[in-house]
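> Residue numbers (my numbering), protein chains in the order written: chain A, 968 to 1305; chain B, 153 to 314.
Honestly, the hints are just simulated from the structure, not real lab data.
Take these hints with a grain of salt, some might be off.
Estimated spans, in silico, between C-beta atoms of each pair [as the list claims (entries may be wrong)]:
1. G1144(A) <-> D244(B): 34 to 42 angstroms
2. N255(B) <-> P1280(A): 45 to 53 angstroms
3. D1106(A) <-> Q290(B): 22 to 30 angstroms
4. P1041(A) <-> E298(B): 32 to 40 angstroms
5. E182(B) <-> E1180(A): 22 to 30 angstroms
6. K1047(A) <-> Q290(B): 22 to 30 angstroms
7. E177(B) <-> K1140(A): 19 to 27 angstroms
8. K1140(A) <-> N161(B): 50 to 58 angstroms
9. E1045(A) <-> K160(B): 52 to 60 angstroms
10. K1227(A) <-> D229(B): 51 to 59 angstroms
11. S222(B) <-> R1012(A): 29 to 37 angstroms
None of these values were measured; they are calculated from a predicted model.
Note that the Cβ used here is the ideal one computed from N, Cα and C, for glycine as well.
The lines below spell out each chain.
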Amino acid sequence: MENMGIVITSRIRLARNLKNYRFPVKMNREEGQKVVQEVNDAIDRTNLNYELKNMKDLSDVEKNSLMENHLISPDLAENKSEGAVLLSPDRKVSIMLNEEDHVRIQTLESGLALNECWDLGNKIDDVIEESVDYAFDRDLGYVTSCPTNIGTGMRASVMIHLPALSITNQTDKLLYGVSQLGVAVRGVYGEGTKSMGHLYQISNQGTLGVSEETLIDKITQIVKQIADKEEKTREYLKNNNSDELEDEVYRAYGLLTNAKKMTTEEAMKLISLIKLGKEMKIIDFAGNIDLYELMTKIQPGNLLYTTGKEMLPIERDKRRVEIIKGELLNNQTHNNIK
Amino acid sequence: MLCSECGKNEAKVHVTQIINGKKTESHLCEECAKKHQASFNAGFSMESLFSAMLNNAFSTSAYTPVKGCSKCGMTYDEFRSTGKFGCGECIDTFKERLMPVINSIQGYDSHTGKIPKRAGGSFKVKKDIEKLKFQLQQSIEKEEYEKAAKIRDKIREMENNK
C-alpha cells in the first residue's frame, strides 16, 4: 500500500499559548513581539538552526507560496501585526507565531507517519517549554484560544489521493461515513469540502479527553481503511474497466503535453489522472517524477514565486502548462504509453 | 416540545449527533433550523456548532453577567461573540458556564494527554500515581499479586518523593 502513493503526507499540529501574555485576540504589538522573541530565543538555544520570517517583511507572493506549501495558514498570511513563522532547514517543521494561538507547532512527514510527526512535534514542544511557561489547566489541559482545540491542542491530519474512488463516485458516501466517526474530511486546495486533484485531508475533530497516542492511532486506522478501499477500487477498474481507464489517462496525458493554457483546477484533475496511471503502471516514466510535487508547483502563488514576476491570469495559465509539459516530457520513456 | 434554541416555537426539526460515543440531541423550530441549514449541508462543523451552543449557554435567563476576566479584560459579551479566550485566566473566569458546552462539543470533560513538565510539575506526578493505582486495582482483580506488589512499591516511592 505504501508504494501506491495513496497516502501523501502526514501532519501534526500542536496549539500552545504562553501563560504570561494575553492571547492573540487581546494582545498588543509589544506582547506579540515578546512572544516571537521568547519562542525564537528558546529555539536559538538549541542547534536547530531555524529561520525566522516575520509576516510584515514578506511580499504577498512569498506568503502565498508558503501557504500553498502548507507552511503557514491563510490566517497567518493575512495577519497584519506580529505574525511570524519559524522554519526548519528541511521544512519539516514550521512554528507559526501569533496566529490564532501564540504557538502552533506543525510537523510534516511523507506517507502515513503520524507517529513520527508526533515524536518530532513533541520534542520541539519540550524544547520550547524549557524556556517558556505554557498556559495549562489541570482539568482541561493546554489552554487554546478557541475551546474547540482545548486539551491536547493537537490536530493530526493525513492527506490522501483518491482518484479511483472519485471517478467511480464513491467519495461522498465514504467520506460522509467517515465523518460520523468524529473525524473531519475536507478537500485540499479547494474551498470548503470541495476537492481539487482528488486530494482529501482527514483529521481528528475532538481534542479533549483522549490522549495524543490514541487519537493518532484512530486516524491511522481510518486512513488505512480508506486507502484500502481506494486500492481495491483501482484493482476493480483494472480488471473490469481497463479500456475506459486507459483512455482517460492517455487523454489527460495528451492534453497536458499539448495544451497551450490551463487553469489550476483542470491541471489538478489531469495530473491526478496521470498520477493514477503511473501508480497503476498504465503510463511509464523515466526518473523520479513526483506528481504530487508538480501539483503543488502549479498553484497560482508558487507559479508567481518561482517565475519571480507579476503575471496576468492568462499568462499564468500558459506558464502552468509549460511547467507541466517540461516535467512530463523530461521524464518520457520510449514506451511511455503502451 | 419547544425549540431548544429560541425556546419560543414548537420544535419540528430533531437533530441527533453522536460524537465519540456521546449522543447529543437538539430540537429546533423551523426558523432556527433554517439558520443552521448551511452548517447541516456542509457537514458537521465544530466551530459553527460551538458558537451556536455558546450563545445558547450564555443567553439563558438564569444567568446574570458579572465582571469579565480580571487579567485581560475580556467580558462575557466579547467572549460570546468571538468564542475565543483572551488569556490563560479566562478559562477560570468562564469555566462554570463553559463546561457543559465543552462537554457536549468534545464529548469529554477532562484532559488525559500530555502534561507539560514545568507547568504541570507535581500535577504530573499526581496523574501518574492515579494511573498506577488503576493498574494496581486491575492486577489485584486478575490475581497477579507479584505484579501488584511491584506497583504498590512504586506508588509508595512516588508518594514519598512528592
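> Each of the hints needs a verdict: does it hold here or not?
Hints, one by one, checked against the model:
no., hint, in the structure
1, G1144(A) <-> D244(B): 34 to 42 angstroms, "holds, 40 angstroms"
2, N255(B) <-> P1280(A): 45 to 53 angstroms, "holds, 49 angstroms"
3, D1106(A) <-> Q290(B): 22 to 30 angstroms, "holds, 24 angstroms"
4, P1041(A) <-> E298(B): 32 to 40 angstroms, "violated, 57 angstroms"
5, E182(B) <-> E1180(A): 22 to 30 angstroms, "violated, 44 angstroms"
6, K1047(A) <-> Q290(B): 22 to 30 angstroms, "violated, 54 angstroms"
7, E177(B) <-> K1140(A): 19 to 27 angstroms, "holds, 25 angstroms"
8, K1140(A) <-> N161(B): 50 to 58 angstroms, "violated, 34 angstroms"
9, E1045(A) <-> K160(B): 52 to 60 angstroms, "violated, 39 angstroms"
10, K1227(A) <-> D229(B): 51 to 59 angstroms, "holds, 57 angstroms"
11, S222(B) <-> R1012(A): 29 to 37 angstroms, "holds, 33 angstroms"
Hint check: violations occur at hints 4, 5, 6, 8 and 9; the rest are consistent with the structure.
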